[in-house]
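There are 6 protein chains.
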Amino acid sequence: MSTPRPDGRTPSQLRPVTLTTGFVPTAAGSALVAVGETRVICTASVEEGVPGWRRGTGKGWLTAEYGMLPASTGSRKARDISRGKLDGRSSEIQRLIGRALRAVVDLDALGERTVWIDCDVLTADGGTRCASICGAYVALELAVAGLIAQGKLERSPVREAVAAISVGIVDGEPRLDLAYAEDSRADADANVVMTASGGIVEVQASAEGAVFPRTQMDALLDLATAGIAQMIETQREALGAS
Amino acid sequence: MSTPRPDGRTPSQLRPVTLTTGFVPTAAGSALVAVGETRVICTASVEEGVPGWRRGTGKGWLTAEYGMLPASTGSRKARDISRGKLDGRSSEIQRLIGRALRAVVDLDALGERTVWIDCDVLTADGGTRCASICGAYVALELAVAGLIAQGKLERSPVREAVAAISVGIVDGEPRLDLAYAEDSRADADANVVMTASGGIVEVQASAEGAVFPRTQMDALLDLATAGIAQMIETQREALGAS
Amino acid sequence: MSTPRPDGRTPSQLRPVTLTTGFVPTAAGSALVAVGETRVICTASVEEGVPGWRRGTGKGWLTAEYGMLPASTGSRKARDISRGKLDGRSSEIQRLIGRALRAVVDLDALGERTVWIDCDVLTADGGTRCASICGAYVALELAVAGLIAQGKLERSPVREAVAAISVGIVDGEPRLDLAYAEDSRADADANVVMTASGGIVEVQASAEGAVFPRTQMDALLDLATAGIAQMIETQREALGAS
Amino acid sequence: MSTPRPDGRTPSQLRPVTLTTGFVPTAAGSALVAVGETRVICTASVEEGVPGWRRGTGKGWLTAEYGMLPASTGSRKARDISRGKLDGRSSEIQRLIGRALRAVVDLDALGERTVWIDCDVLTADGGTRCASICGAYVALELAVAGLIAQGKLERSPVREAVAAISVGIVDGEPRLDLAYAEDSRADADANVVMTASGGIVEVQASAEGAVFPRTQMDALLDLATAGIAQMIETQREALGAS
Amino acid sequence: MSTPRPDGRTPSQLRPVTLTTGFVPTAAGSALVAVGETRVICTASVEEGVPGWRRGTGKGWLTAEYGMLPASTGSRKARDISRGKLDGRSSEIQRLIGRALRAVVDLDALGERTVWIDCDVLTADGGTRCASICGAYVALELAVAGLIAQGKLERSPVREAVAAISVGIVDGEPRLDLAYAEDSRADADANVVMTASGGIVEVQASAEGAVFPRTQMDALLDLATAGIAQMIETQREALGAS
Amino acid sequence: MSTPRPDGRTPSQLRPVTLTTGFVPTAAGSALVAVGETRVICTASVEEGVPGWRRGTGKGWLTAEYGMLPASTGSRKARDISRGKLDGRSSEIQRLIGRALRAVVDLDALGERTVWIDCDVLTADGGTRCASICGAYVALELAVAGLIAQGKLERSPVREAVAAISVGIVDGEPRLDLAYAEDSRADADANVVMTASGGIVEVQASAEGAVFPRTQMDALLDLATAGIAQMIETQREALGAS
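Residue numbers (the numbering used here), protein chains in the order written: chain G, 1 to 242; chain R, 1 to 242; chain X, 1 to 242; chain C, 1 to 242; chain L, 1 to 242; chain P, 1 to 242.
One should not assume that every hint holds.
As the list makes no split between identical chains, a pair holds if one copy fits it or if it spans any two.
Claimed, not checked - Here are the simulated DSSO-like cross-link-like pairs (lysine-lysine), alpha carbons at most 27 Å apart as the crow flies:
id	residue 1	residue 2
1	K152	K85
2	K59	K77
3	K59	K152
4	K77	K152
These are calculated hints, taken from the structure and not from any lab test.
Chain G on its own, in the form it takes in the complex (with noise of 0.2 Å):
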């Protein structure tokens, strides 16, 4: 039997969603992002050329580093540098923005430079890892304008628009976007990444604990595409009012 959610929303909605751009005024292209009580700095920093194993290819190379500032979950974080090494986890992150970024650029079209973004979380309350997407995506956009405004590209590289949403299952319920609260006592959740023409760049679900059926992984992409559909939308708001 499913019980209500922490916060009222119905199985498929989102927390409220802002994106404000220009938070971060030296950086070429920049946003805040905020999924309910998570919020995100996004930055698109653009360096002229390549990693050496890219050089002389004639092609652009994006990559992503994400962390999390010590306060933004609620007992203090050691930073890495303290501890001496990237956590795991934030390693995977970081590697799934890139990903999820690159997915939707043509590096041919880029040249040879490198866009670096850089998510940083302010506050955590579940989904740090698709906000910062949907904040990236934002300060990329916001970079390549740039980019032609500075008449160093013709147009931009950037084919469509991506976001990512994270689902679960909780109470055997599948549920959109999930604030920590939830996402804590899931059996099951997902972190699905997809574009504004509906194609699929990456999907990872993981049960915790208990395993889970085919007909809920089915019910959680659907869930996700709709997510995400409205996700986009905010975007296209926030792009075209900056």
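Dock chains R, X, C, L and P against the given chain G, drawing on the hints supplied.
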């Protein structure tokens, strides 16, 4: 238009799989798993006690580490320790292996002891993370059998078998168990972890450059389900014979 | 002959300062401090217990960490964790912030708990260490107010307000609160930390290339004293309004 | 008074030795060496080019790395990367292996290419460094044969065979090829590296707790000389059969 | 009420200072500096070429490193390499030494070469950073004299002498050149770096627990000015005799 | 045909040796050892307690660390901490020093305390590891004498003196105590550690490029035996005079 597979397999055919139990006699449980040219040394070691954060809970723990021997790929891969850090890919894989195995172990029934799973790739030809999970399950069962034989456990905390397989879209066609040559030119690939009873533990699907539609996602999951059933049968035979 | 300042200020004029309290709701205390284009996220986190070397003394501890978001400067700054070590400048700054705050805290009255100050630079335009100290003091007061509200402390262990400002000699003229453009061509600069009662906590004066006479040292200290008084007034207003 | 050896060998008797060539097909040359219960995977990889300090000299380079699989000893040994540094013993051993192999290679004749020797211990029962040298020589010969077959070398830069054996004083008696049980209670032990022509490459003799007289040093060298001759015969057979 | 100093000095009296030139014959320039019981080995090494970011500018570079021998303090201090990182205090000090020396060197006149200053503390009894600067200046002059003797430089790029001294407030009284016993109970201390012509290079003043008034700041600077003049005279004598 | 030695010594002649006791007054025991141009600062520090793995055994521990001052060799050697890891050679040497000293210490009689030996090379001209052992033994004796004087030990746990010397084959001739110029062109060299009673502690012989026959090994051991006897006499004199 689809093309023949490089090794002549049908789209839904696994590579030859062998599981050699007891490959590392110094380990509590061990197996050498070979899936085509991919070979991984899998061991399970048992240590009394659990990490500090879990002490006093009465529950056990299982964790996994994954590495590649430098010569396992065509060109030599530098050791992590020479580069000074665990590479991001290995970190992701070992976290996946740990989650996959924990999904089928009743950690309460294990008691306050730690099972260390080690997967070291001897030769790599695609699908090393899936092969690792398949071999690690066998090593785990053997280690648990040892604990029972020594009177440390009354019955097995392992609930059911778990296995993993990769699937991917090559030339527009969903295919089972990609070797390196196919994997490197796939439009998308997925690693799927499931149990003997058909429960999903983990799905990690990723587009490479291009995105892919939901219908192909569904086809990949179908292929994986069939492949995993065969893999679990092979595990059963290896354990029966050991 | 002195020249006009790039932003038209008089030699003894601060940049506009704003202090936004509660910027990071997950922290015990927090403030976003803006001094001209320099913006720093300051948080205070409270942890019961103290480091091992202080255990059993009945005294508390306060320590600070400082970082820069990669996009906070014009060209992207690599994360410490990517370079494998805390850079020397950050290490110096976080030690300074810690000393500045400890100078106004009665650690006996704090009891055996640790306050972690985190200062993360969002945008850097000169004076980030001084802005960090100003914001950190506000975050600290808010965290202490929380401890009192929760009944963990009876009265505040903070003795008085503390603030910091940079001063420097540009074109032979002593000037208050240098922005980056002035700082980078200054003949000398100093960071001064003082309390509300006018006590000196720290003076760090440094020539850049050329040395400077004692008379200018005295003039710099005079300027800083006046600037800090204004800064402390702004802190008082922010705390009054929070 | 001397006692019987735990495995019934005479003082001057080697454990059974086997050398399996081609154990790692992805490597240029490889061998699995087993000396009693000690088994080591040895590979030789060839890379065009040399380290920077050697570039432009026309000379080649050979370097070695040594590691132990975590489960190779009875209780699990943490990976170097988990502990954050190469342990001192491994560092010493890999330097020894490198010197041993370089002693029989004409680096001028190798040309500006690098041979990487990797020795990874599968199971450890004493004598792993000596077994590593014996197996590494075989891997090296196979890699060189490959270079000749590919036309990259006209003739072999390997001057002669090299092998190594441990000797020690147990219960006052000099003994050849100590297994772990004997090694751990030896009064002294030595690792000796010699070539097919009887030339000494390296002698590392060490007392453990007590010192030992020169007469025993001489006896140990005599024993080692005989043992190495047998080991070199086994290498010759393995290479002949490969 | 002020108290007598532990070693009977007057408030404005330096400890005995000796400078032994040529202490490390393998270095281009070297000195052993002793200030009371504090002794520091200072060397200057010259390397043709500059770091990458400075290449092609025609300018030289000078950088400093500072370390403490483990036995230099009463209780053994672990080496940085054993703890895995340079400690924050050492990092601060070596940056200070570098700035102090660069303040008196015309880097254009040095040409594209790098001077490495190394200061290794043999015994520590307070004031090690100031002693390091005093000794480093002497080592630098000797290294430069060598470059001139070798015909690599026509005239010295060193503009004038530089020295440093600590001052502090103990029992309310400003005192010159604190030894450890006084330093550890000082209410405030300052390190002052000045040149032979009386120019200020650096002032680092810090309260310890309590704050201090501006009048004391002025008194500390007066004391330091007199102390540095004596120190520079000692440097002159040492260089004259060498 | 053998050639004269660069410094005119006979093949069996040591360089001048001096041992200055009490060189580092802050250490429990210390000596500056000079062997020709090679000079090493050796200290022994005593810490109550032992490492965790030895706690509760009633036995003491002795461990050694070895470093080179950056300017100790002709061209500046980067600090380990700057390169981020202890270099392999230093690691090997400090393990050797530790074994050499432990061979003459009754760790039971030492009680649960740790002796730290530190050897820091001031100038390097060959034979630094042997000089380190010779000086470290003297530092150890002085530290033990202090423990006895303080009433912490009743009698010395040091069983006898230990010393070390290098020998090598240059131009076909076995020679004692190689300076750098000879060492760098030796066909083979050996480091030999022996006690006052003539017991062997350690022999490390290594060919460089060419191998060497057993007869030369025997000659090297003869030479070393004579050299160590002289070295031990020098230690006795230094300790007698201290």
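Hints, verified against the model:
1. K152 <-> K85: neither (37 Å within a copy, 34 Å between copies)
2. K59 <-> K77: between (38 Å within a copy, 23 Å between copies)
3. K59 <-> K152: Within one copy, since 15 Å is at most 27 Å while 33 Å is not.
4. K77 <-> K152: So K77 and K152 pass the 27 Å test across copies only (22 Å; inside, 40 Å).
In this structure, only the earlier hint numbered 1 is contradicted, and the remaining ones agree with it.
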